[in-house]
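Chains A and B, in that order, give the protein sequences. Under the numbering used here, the first residue of the first sequence carries the number 1, and numbering increases by one thereafter. Under the numbering used here, the first residue of the second sequence carries the number 1001, and numbering increases by one thereafter.
Hints are computed from structural coordinates only; laboratory data are not their basis. Check the hints yourself; a few may be wrong.
Some but not every residue of chain A turned toward chain B, in silico, with C-beta under 8 Å [to be verified]:
1. 25
2. 47
3. 72
4. 110
5. 111
6. 113
All C-beta atoms, glycine included, are put in the ideal place defined by N, C-alpha and C.
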Amino acid sequence: MNTRLNDPFVIGGHTLQSRFFLGTGRFPSPAVLQQALEASGTQVITFAVRRINLDDLADDNVLQHVANRGFVYLPNTSGASNADEAVRIARLARSAGLGNWIKVEISAHHRTLLPDPIETLRATERLVKEQFIVLPYTSDDPVLCHRLEEAGAAAVMPGGAPIGTGLGILNPYNLGLIVEEARVPIIVDAGIGSAQDVVQAMELGADGILANTPIAKAQDPVFMALAMKLAVEAGRLSRRAGRIPKKRYASASSELKGRLFEFAGTEGEG
Amino acid sequence: MRRKLDFKLYVITGESYHSSRDMLEVMEAALRGGADIVQLRDKKISKRELLEKARSLRDLTSRYGVPLIINDHPDVALAVNADGVHLGQDDLPLSVARSVLGPHRLIGISTHTIEQARVAERAGADYIGVGPVYPTGTKPGRQAVTTSYVSQAAAEIQIPFVAIGGITTDNAEEVLKAGARRLCAVSAIVGSNDPEGVCRNLLEQITGWKSGSSAEIPAEEREMVVTVNGRQERTKATTMLELAEHYKLADKHIVAELDGDIVPRQSWRETPLRIGASVEFVHFVGGG
């Protein structure tokens, strides 16, 4: 289909064909992760920086399963609770030699894992100065998203709902405002439950989707990866196609002229 | 922020050792000899008498620019504007003393085991006493901890620690060899006819030791305690590379951090470890 060809998606100088970013956590096995990565068609994958377990040197390094596949690596700063910690994790990630993209993720609350907006902004400012390509995960506040853009974020990633809840796009109005104002890509990160949420986000004007739990924890992660890939494309095309305005009353899809019978129901006025 | 505490020779009052001479006279001799921190300790007199002694000792130590520590009594320390207090294991808990004294005064804690030392360090002590190294008349009946505890403290404790208990000019070298860099003496100093001379002697041994100490233990036998991934580990490794090799990580795709700074792989060989260093070895795991 040629429709996709003329729809460039550029972040930090990279032109991406896929608007679907995949997280690599919580998959039932490395094999399932592999298949899901393939089915999703993703080009950008996320992962976390963690201490090595000194007692168990079984190689649980995620890189061994994904190396040499041409992915753009988007390490996150999960586990940081302030800007200092996030910057420290970002530097560690960069020094692994896998590029300079970083997803700022600074959780402020143990139960909601909602991002700390102030620390997220601080970390973004600092990491931009340090030449990172910064994609902050943030709450879906239009003003905050704008501030992150001003701070130099390469893309802004508002959550639809708290991480791992699958509650979907809780505030479509906000997301609409965010994409309306943005001059950098908006990627909905967190809260997605199934393909319908993906379509909704894309139709609202999101430029991309980042998902992990709804795929890794689906009954069939590989099917869900494919479903969401298609949903991203469907939602994107639908957005570009331009939907019809919603109307209160029906309007017949078949021409009225030349019908065989007079309408038997109640006529409206006029 | 509290000011950074450093000292070499810690002297504690002990009037029972010099009943014929005035306490201030003896302590001034110690100060002339180079004592660089002074503690007032007298568990036998009334608080009012203690307060008077604290006042006069405050005047004296101020003239020499030396910190004054009051044993056991935060209220007396505050009343005379002393620099801090020293507490035993059965005295006021550190947190209580801290809330009384505020953030700026010094709090020292007597410890007799490495566990007590760790607790004190974590709780925010400014320094600890490590002892009694030898049996002492100042603390009769207390089991001596020997120099092995001094070595443990030297390997592990980051805040200043001072070896105390039965230390004299004769055995100071042994204590320094075990890893102490600060000494405290009571009877050896205030019970001497020449407190100034004893202080000078001890101080010379302390400062002299620093320059010539490293050759004492062969490198291959030296062990130190470092923190690796949040865990205290004993190691014979002397560089980052040796430490990574010890955990079989040298050929893994990992990143190393030493005291908060990333150490690029090509520098591991030349990057020395020091006692108390904090190392992180990290890698990538699945995440969203």
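Structure-based check of all given hints:
1. Nearest Cβ of chain B to the Cβ of residue 25 of chain A: about 4 Å, under the 8 Å cut. The hint holds.
2. Annotation: interface hint on residue 47 of chain A holds; nearest CB of chain B at approximately 5 Å, less than 8 Å.
3. Annotation: interface hint on residue 72 of chain A violated; nearest CB of chain B at approximately 14 Å, more than 8 Å.
4. Residue-level restraint check for residue 110 of chain A is violated (minimum Cβ-Cβ distance to chain B is 17 Å; threshold 8 Å).
5. Nearest Cβ of chain B to the Cβ of residue 111 of chain A: about 17 Å, over the 8 Å cut. The hint is violated.
6. Restraint check, residue 113 of chain A versus chain B: the minimum CB separation of about 11 Å is more than 8 Å; hint violated.
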